[in-house]
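Asks: Build out the structure end to end from the sequences listed, making use of the hints.
Chains as they are written, first to last, in our numbering: chain A, 1 to 1072; chain B, 1073 to 1269.
Hints should not be assumed to be uniformly reliable.
DSSO-like mimics (lysine-lysine), calculated; alpha carbons at most 27 Å apart, straight line [said to hold, decoys possible]:
#, chain 1, residue 1, chain 2, residue 2
1, A, Lys972, B, Lys1256
2, A, Lys139, A, Lys981
3, B, Lys1256, B, Lys1238
4, B, Lys1238, A, Lys94
Each pair of labels, with its calculated beta carbon distance range [claimed, not checked]:
#, chain 1, residue 1, chain 2, residue 2, range
5, B, Leu1189, A, His528, 29 to 35 Å
6, B, Pro1117, A, His528, 27 to 33 Å
7, B, Gly1251, A, Arg1011, 50 to 56 Å
8, A, Gly26, B, Phe1195, 36 to 42 Å
These are computed hints drawn from the structure, not numbers from a lab.
Bear in mind the structure is a predicted one, so any value in this text is a computation, not a measurement.
From the three backbone atoms N, C-alpha and C, an ideal C-beta is built for every residue, glycine too.
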Amino acid sequence: MENQNSPQNSFSPPRHWIGTEELSEGYWNDPKAIEKRGQEFHDKPVETIDLIDKLDSKGIARRDFLTIMGASMAMASFACARRPVHKIIPYVVKPEEITAGVANFYATSCPDTGYGLLVKVREGRPVKLEGNPEHPMNKGTLSARGQAALLDLYDPDRTKEPMSGDRNGNLRAMSWVDADAAILAKLRAAGRVRVLSGNLVSDSTRRLLGEFLAAFNNGSGSHVEFDALANDEVLDGQLESYGTAVIPNYRFDQAKTIISFGADFLGTWVSPVEFMSEWAKRRKLDSKNAANAEMSKMYVIESTMTLTGANADERLPVRPGDELKVALAVAHEIIVGKKQSRFASDATVGNALSGYTPQAVSADTGVSITMIQQMAEELLKNRGKSVVVAGSPQTKSANAVALQIAVNFLNSALDNEGVTVDGTANPNVRPGDRFAAIEKLIGEMKAGAVDALIIYGSNPVYNLPKSAGFEEAMKKVPLVVAVSDRDDETARLADYLLPDHHFLENWGDASGRKGVVSLQQPVISPIHSTRAFQDTLLTWIKGGVKAGGLAGKVAASADAGTWRDYVMANWQATHHSGAAAGFELFWEGVLRDGVFGAKNAIASTSSTRAFRAGAMSRIPAFKKANADEILLALYAKVGMYDGRSSNNPWLQEFPEPISTATWDNYLNVGPALATKLGIQQDDIVEITGDSATVQLPVNVQPGMHPLAVSIALGYGRRNAGKVGTDVGMDVAPFIKVVNGALVYSGHPVKIRRTGKVYRIAITQWHNATENRPIINDISLTDFIKKPSEANETDPELRLHEIPTLWPAYEYKGYRWGMAIDLNSCTGCGACVIGCMAENNTPVVGRNNVRVSREMHWIRLDRYYSGSTENPDVVFQPMLCQHCENAPCESVCPVLATVHDDEGMNSQIYNRCVGTRYCQNNCPYKVRRFNFFDHWKSYEGTMNLAWNPDVTVRTRGIMEKCTFCVQRIRGAKDKAKDEGRKLLDGELKPACQQTCPTDAIIFGDINDPNSRVSQLRGDARAFRVLEILNVKPSISYMTKVRNKEKQPEGHTARTHGSEANAHKGANAEKGSY
Amino acid sequence: MNRSDSGRFKKIGILVGVVLLLGLGGAVAAVFPSASNEGYSPEQPIPYSHKLHAGTYKIQCQYCHSDVEKSKHANVPSVNVCMNCHSIVKTDSPYIQKIKKAYDENKPIEWVRIHELPDFVYFPHKRHVAKGVACQTCHGPIQEMERVYQYSPLTMGWCLDCHRGKTTPKEVVARVYPGVKDPKGLIAPHQCTTCHQ
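Replies: Okay, here's the thing in structure tokens:
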């Protein structure tokens, strides 16, 4: 293998690469570079490693290091003390449903999305979140953010009691009684009350808010919902196109052709978990029936590389704002070019499209005419079976609504409306109020027309740019009450901060979609002296009534007991049909299932809405782009989203799937632009726009348009907590308010080098594969022609029986194995966080990530192929392969890593002495070493989040994926109780459990009928580095792209053998 | 320095080395005594007598340790279980009054833990009880203990002796391997992951 890296006469870069660096000859030939890469372990303390850390002014690295060392010394000196005396403290009266050591699962709902959750509770404390399989939206799965929500509950920086503030960040604790009295007195005197909340999916909360506002001051109050990343433009576009402001339900499972203009529906847009599972249904392939193989074809036109773009069959990078031109060029080709659809003779439509000929758009945007024609043809071929979507902040340029209208037009013209686009389904997920309502509120506040403002679950001071004027306007309001979980940017400027329950401590309901209603129930008693916002409202209503101060109509809520009683009463009135006596049974049933009305919810009764051709007059006339301007797009990351969970260390250290960066935001620049500007990875540049200037490090991101740059939102929090404050830079100042809408994208910027450097903590170069054959992909046409080609693309991948000295293992019972379908893996990273939550994997901090000491057991590898300006992407979850002939086992001097009788490679922590020989010998680089007692960074309440079924590892110990051995033992235990063998699919490790696309399948490979056995025998199955004869228990299923053409350099795995890979890639440049 | 001197120094060196090694060994032994806590019998907040309850009155173990068949833990009973009897029985005892007080004030009793395995060991009572291992096999003559003490060493070697068939009680072998007269070798799971996860 090694000789592959030796100098070749004609250099040819690897077909799959992890960064542009690998495409240069020096990377492979420079002995210094090779030696540096070979440094797998960084043995020096973090602070002595060459870290240029200029933005990190606080010197955290050193301080943390000393703390940790100090703590370790203290531990060492206590070692000779007697064993500590531990207490057993049983309950006074043991609750009937609790058995110590046995977990209970409770169904509840996520108040952000309306997804159903199952919460694993041990002795009264939630330790793991999982999707509720009964829930029709997320179907038992969760995203990375959903998995991480557990840690927010135990966040030590949550506000623990009510506070009064001086509006300048100084807060003083007070009692609930005092807070209620003080606020109520002012509320009763206040004339005009406004409530600003985050987006609500709870019908009961909405109703209660209505009653609260009706009760006070003749009902002169009003309620506005604000969500930083609300899909205003979708609502506006729908309103103009169809007369209804809804967010439709897009049926990706029904679509053979999918075109997304910027909408990151697999990552962050509207309802990603749901969309992912539906999208993946058309990405599953059966090699036995390859001749008839069908797969959806996805085109993504976008300005920054997102998860959706990375999963596209054809991805077309454009400048921010050019999505509209491409959409209209496709429409032009269909309507004007091919004279198709009933709009072909419509004058308004014809006028609107007139300037957008494929030729003009191609010349302007760089998208080839062929591609535009191909998209039009695909769409026409699949009329009524295609879907066109647009959205996400990166498309929110000045023409965001026009883009939505163009997309709606395409869907209507192609008869997708009412089939793949369901405008009646009306998902409640993040509709919110449009920004115009916030602008109106700000206007009122500025004019002194608001007497009291209650802000609930929303952080406008951080999320809105200063130019929106919210902060200034707040000063004009005599009473500001913030209901939040912490003293965030907004709450610090309020008169009162009333800490809210975490959603796992609260009752409620959620309706993520019309016809799907689920209940939210507390799974832990409140940890701090917090109170549900809804109980606060009820207290105030009752207080107002008692004092006789309510002039308005006294709502029924005044009689309600607690918030729970209110939800029950609301459900009895709205959802329960039949005798009142039966309600209790009904309620218990829904509480148990978590969801009501699930069965027929998704098969919605859709009807076709008529497109109003008049809307097309909103389309601006074609205008050539300024070819010198660099345009900035702001986008949301899969983990950090809008920054609401900034204080969640799991999410901060979650490697963003595309850049694999942790702990920071950065400026994404394409390789061509980087060369032009003379900047490199990690250079700090100054980005100057009309409204803001910010300094950020550069991430050279393949697949960016040469005139597009992008920065992630959700960073630079000023008051998030110990973890999230001052991480990255706040880019909200770039957001502009134009005509009552927030413009996130398409801002012209100037980029200037500063000469300073900042190392982004990127994991992609850790455990680099040195061009060994790791990954495999094939085009659909090739797959249909010869399915066996799928894993024969590279002879080096194949193992042709090698004699071995090792005796074969004999497995009498189960033998565990896994299959991972790279075709349906979207790279969303839910498995990474699910694994952390299940297995007590620690967070190590930015500096430790920089020296490849991250502890994630699943590494989500991302490989590029093709041109640097527009590469293909393939993701590969890499975890312990549980080899048959495991190289780690043979080198462990203390037998801490051994083979077990069910085919697993087990790691025994208490035996491990930390030689790290195993890590050194592991060809997959999946072993993780605890350089420090990372668990000590968990303070206070965070310690409640540990999974009690998994050992918490100490310093000096190696760890890695165990196939969730605790789950295997738990499932076997249950099966033994019932006197049977485990059923296939009964047992799921955490990664499989949370995978929204069912890409990970675990099971018994001794059972020839199990799903995993079937998949291992599939023609697409390959094992990584099979040539080493280590015989992994994990099989990967080759990625199949829906492309006519075989990817460039198809058979050239090793550089030098067939030198066409890069040449082909270069030829592609400029005409993607 | 002549040759014999250097030889003497060498001998002294070796001697010092041996002494140091012995000393080190001693120190290690002092620092890390046997992992076993055999015989440990701390005073409890209430001098509950197993001899009286389990021995004299023959109350079933599972009456109090009710989770032993359901969970990995053989739970210490909650106060309400004590009160099942002691709301009537021997209410004049100061200890019973202490229990009643805890019950009335909703303050749990803090028992001192005797049998404790390291945090990296996952031992399930449930599976052992299901296989017919008697409480006394590991906990000794508990029905004769006025104050409970740790009967077995609870070390890994001790666990494995039983799993490997060396010390397995005959009745357990008969139950797990019915009809097999003399099961050979490893008779219970003995993978590392059986106990470590």
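Asks: All the hints need checking, so say for each whether the structure fits it.
Replies: Each hint, compared with the structure:
Taken as a hint, the lysine 972(A) and lysine 1256(B) pair is honoured in the structure, with Cα atoms around 24 Å apart against an allowance of 27 Å. Distance check on the hinted pair: lysine 139(A) and lysine 981(A) sit about 26 Å apart at the alpha-carbon level, within 27 Å; holds. At most 27 Å may separate the alpha-carbon atoms for a hinted pair to count; lysine 1256(B) and lysine 1238(B) meet this at roughly 10 Å. Restraint check: the Cα-Cα separation between lysine 1238(B) and lysine 94(A) comes to about 39 Å, which exceeds 27 Å; the hinted pair is violated.
A beta carbon spacing of about 33 Å between leucine 1189(B) and histidine 528(A) agrees with the range 29 to 35 Å that was offered as a hint. Separation of proline 1117(B) from histidine 528(A) is about 30 Å and conforms to the stated range, judged on CB atoms against 27 to 33 Å. Taking the beta carbon of each, glycine 1251(B) and arginine 1011(A) are about 37 Å apart, not inside 50 to 56 Å as hinted. In this structure, glycine 26(A) and phenylalanine 1195(B) break the distance hint of 36 to 42 Å, their C-beta atoms being roughly 57 Å apart.
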